[in-house]
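Taken in order, these protein sequences are the chains called A and B. Numbering follows our numbering, in which position 57 of the first sequence is assigned residue number 57; successive positions increment by one, without gaps. Numbering follows our numbering, in which position 4 of the second sequence is assigned residue number 4; successive positions increment by one, without gaps.
These are computed hints drawn from the structure, not numbers from a lab. Bear in mind the structure is a predicted one, so any value in this text is a computation, not a measurement. The C-beta atom is built at its ideal place from N, Cα and C for all residues, glycine as well. Warning: the hint list may mix true and false statements.
[What the hints assert, rightly or not] Partial selection, computed: residues in chain B whose CB lies under 8 Å from chain A: (1) V23; (2) I60; (3) G64; (4) V69; (5) V98; (6) S131.
[Claimed, not checked] Partner residues aside, some chain B positions facing chain A, computed with beta carbon under 10 Å: (7) S90; (8) M106; (9) V111; (10) T117; (11) L132; (12) I138.
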Amino acid sequence: MTIIHFQFLSAILFSLGLYGVLARRSAVLILMSIELMLNAVNINLIGFVAFRGFGQEIQTFGQVLIIFVITIAAAELALAIAIILRIYRNKNSVNVDEMNILKG
Amino acid sequence: MISIDLILFFIASSLVVGGGFLVVTVKNIVYAAFALLVAMLGTAGIFLLAFADFLALVQILIYGGAVVVVILFALMLTRLEDFKGLTDNSQKPLAVLVSLTVLTIMLYAIVATAMPTSQGDAISMIDLGVSLFQDWAIPFEVASLVLLVALIGAVVLVRQDEEGR
Chain A
1 MTIIHFQFLS
11 AILFSLGLYG
21 VLARRSAVLI
31 LMSIELMLNA
41 VNINLIGFVA
51 FRGFGQEIQT
61 FGQVLIIFVI
71 TIAAAELALA
81 IAIILRIYRN
91 KNSVNVDEMN
101 ILKG
Chain B
1 MISIDLILFF
11 IASSLVVGGG
21 FLVVTVKNIV
31 YAAFALLVAM
41 LGTAGIFLLA
51 FADFLALVQI
61 LIYGGAVVVV
71 ILFALMLTRL
81 EDFKGLTDNS
91 QKPLAVLVSL
101 TVLTIMLYAI
111 VATAMPTSQG
121 DAISMIDLGV
131 SLFQDWAIPF
141 EVASLVLLVA
151 LIGAVVLVRQ
161 DEEGR
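The following block holds chain A by itself, in its conformation from the complex:
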């Protein structure tokens, strides 16, 4: 098990999330795809942290960094769900194709 396994897994998962963001039509599904992309970043980070031969101190810092990434992802999810519920209440739909009121 080397870094390259983690990098491959991370790249595949990131591309899957990117496809989901581009091809899905429901706002909640797009949110799930964004969570997949954040997880890909975390997998890449933990691969480098554990298998690059860094010292104890940098390894600890890397894990702390991943904790912060997870925290910010949770905050982002809460806000995004709130915005989706608000849009649903106003427009009675979560279809992102219909959210074009900013179109000139």
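Got chain A; can you put chain B on it based on the hints?
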């Protein structure tokens, strides 16, 4: 000869990739939420294999617990029958093209860059806690403030107004 941790890694990564693939392809949106749960638990397994036991615990608690439940609640509060025709939009071929291009570029960059690798070693949970609460105490508090602001903002956003809107 394939070592045991490589076999475990392939099991966990097939969970991650399979779950992620189902999230972006399956028609029923509730199944997509449960596929997301599978992908998150697979990621927890990856964290365990990279000697990050605390992160695996956090991943199961936050993603496996909180995030999937919050997404299921969001699905419950919006109308489910609408989602039948809401899965894929018309730019699907373009999305396949773009994501495959990005994947090819990233895989080429990974293969072309020789990355020296070493035997992984674990750090103890005690060291992680000491570092988190001594060296990174102020960023930790700022993160808690960010969470507080985000939660209050979410409550304000979804609160019913006086006229019931």
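Okay, the hints, checked on the actual structure:
1. Hint status for V23(B) relative to chain A: holds, with the closest Cβ pair at about 5 Å, below 8 Å.
2. Here the hint on I60(B) is broken, as its CB sits about 11 Å from the closest CB of chain A, past 8 Å.
3. Look at G64(B): its Cβ only gets to about 12 Å from chain A, farther than 8 Å, so that hint breaks.
4. Annotation: interface hint on V69(B) violated; nearest CB of chain A at approximately 11 Å, more than 8 Å.
5. Interface restraint check for V98(B): the shortest CB-CB distance to chain A comes to about 6 Å, inside 8 Å, so the restraint holds.
6. Because the closest C-beta pair between S131(B) and chain A is about 4 Å apart, less than 8 Å, the hint holds.
7. For S90(B), the interface hint holds, the least distance from its beta-carbon to any beta-carbon of chain A being 8 Å, beneath 10 Å.
8. With a least beta-carbon distance of about 4 Å to chain A, the hint placing M106(B) at the interface is held under the 10 Å criterion.
9. Taking 10 Å as the C-beta contact cut-off toward chain A, the hint placing V111(B) at the interface holds, the least distance being around 8 Å.
10. With a least beta-carbon distance of about 4 Å to chain A, the hint placing T117(B) at the interface is held under the 10 Å criterion.
11. With a least beta-carbon distance of about 5 Å to chain A, the hint placing L132(B) at the interface is held under the 10 Å criterion.
12. Checking I138(B) against chain A by beta carbon gives a least distance of about 12 Å; that is not within 10 Å, so the hint is violated.
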